[in-house]
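Work out the full structure: start from the sequences and follow the hints.
If you read the protein sequences in the order shown, they are chains F and A. For the first sequence, position 112 (counting from the first letter as 1) is numbered 1125 according to this note's numbering, and the numbering increases by one without interruption. For the second sequence, position 6 (counting from the first letter as 1) is numbered 1015 according to this note's numbering, and the numbering increases by one without interruption.
Because the hints were derived from the structure by calculation, they are not lab data. Do not rely on the hints blindly, as some may be mistaken.
[Unchecked claim] Think about it this way: if two alpha-carbon atoms lie no more than 30 Å apart in a straight line, the pair counts; the simulated DSSO-like pairs of lysine-lysine are: (1) Lys1075/F / Lys1124/A; (2) Lys1041/A / Lys1018/F; (3) Lys1073/A / Lys1154/A; (4) Lys1083/A / Lys1154/A; (5) Lys1070/F / Lys1083/A; (6) Lys1073/A / Lys1061/F; (7) Lys1041/A / Lys1124/A.
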Amino acid sequence: MTLNKEMLSLLDDLMIENIAGMSQEELCQELGLSADKLNSEVELLHLKINDISTEFKKAKLKEARFNLDNAREQQTSTNITQTLEKAGKDAKGILIDMFTQNKLPAGLTLAFRDGKEITDEEAEQILADLITMGVVNGDDRKG
Amino acid sequence: MKGYDYYSVDEFRQALESNEDNLLLRCTVLAKSLISKYELRMEAYDLFQETICRVLSDSRHIPKGLPLFVSLGKVMKGIAYDTFERKDEEVLRKYEPIDMHEDSVTTAQSSYDGKLDSTWAQLLSLFSEDEDALSFLKATSDGLKKSEIVEQVFSGDVNRYDTTRRRIVRCNVQKLQEEA
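Below is the structure:
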């Protein structure tokens, strides 16, 4: 019988479940270990974990950056909410006010003049970007 | 990913170092079994190390709600299968050839194939009265993927697929083989 990928995957999962349920004695038996050799075997594995300490450091850095980006995104989201609440308007309304006051960056001004339709989600994202850039300030929030 | 609790890097490292429930030994046994099954030219410790590196570098998040060994096992099996399928020369070059194991690898190959066939036959026998499980096994041996099995065998019911697969995976086949 030819075993295809799905069959092999299922049999691998079976193997994982079987090993997950093994006692320490059964594990030692599988590895051909006596009880006194157990500690040295585990020590070898601890050494392997230490060997990849650089990978651990990289992963921590990546995790820190991810958390920082998340925090920034949440802060921006909070800023948008505060901006909209203070203005008593939706994002599109604020952008239109800024357009009439000639406070939008050139590219956006062009889009408004061309009558380009912007969705509510796009408007909120544009507003978020403008807040991040510092283009939107207290006067603009008042509308 | 929202709604799940995952190990942070520190928590993951602590969990490995704590070696709770003989985690490290279980990983070693699994690594050796996968190496034997797929005839990989590497040491068990190296497959274990590759697994840890993959978890750290790949943003492959390990959920806290599942046994850590099972989660690591799935990563390890993926690496083993990928290596087997692609005959990844890059990975193979990292490890010393196990010359002294050449004979035993040849022996293991022929005995392992037979063992897998036997295991599959025993599954079919064990679940002969379980319509869902039997249909699942037959569809799998026909080469159907998960989405196809869900549609064709379980009428689109993903839960039924998951519970059936889980029921099969959790049967103690090794015990059956020892009894046989």
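Tested hints:
1. Between the alpha carbons of Lys1075/F and Lys1124/A the distance comes to roughly 43 Å, so the proposed pair goes past 30 Å and is violated.
2. For the proposed pair Lys1041/A and Lys1018/F, the alpha carbon gap of about 20 Å is at most 30 Å, so the pair holds.
3. For the hint linking Lys1073/A to Lys1154/A, the alpha-carbon distance of about 28 Å falls within 30 Å, and the restraint holds.
4. For the hint linking Lys1083/A to Lys1154/A, the alpha-carbon distance of about 18 Å falls within 30 Å, and the restraint holds.
5. The hinted pair formed by Lys1070/F and Lys1083/A meets the criterion: a straight-line CA distance of about 24 Å does not exceed 30 Å.
6. Between Lys1073/A and Lys1061/F, the direct Cα distance comes to roughly 23 Å. Compliance with the 30 Å bound is thereby established for this hinted pair.
7. The straight-line distance between the Cα atoms of Lys1041/A and Lys1124/A is roughly 16 Å, inside the 30 Å bound, and the hint therefore holds.
Comparing the model with each numbered hint stated earlier shows that hint 1 is the single one that does not hold.
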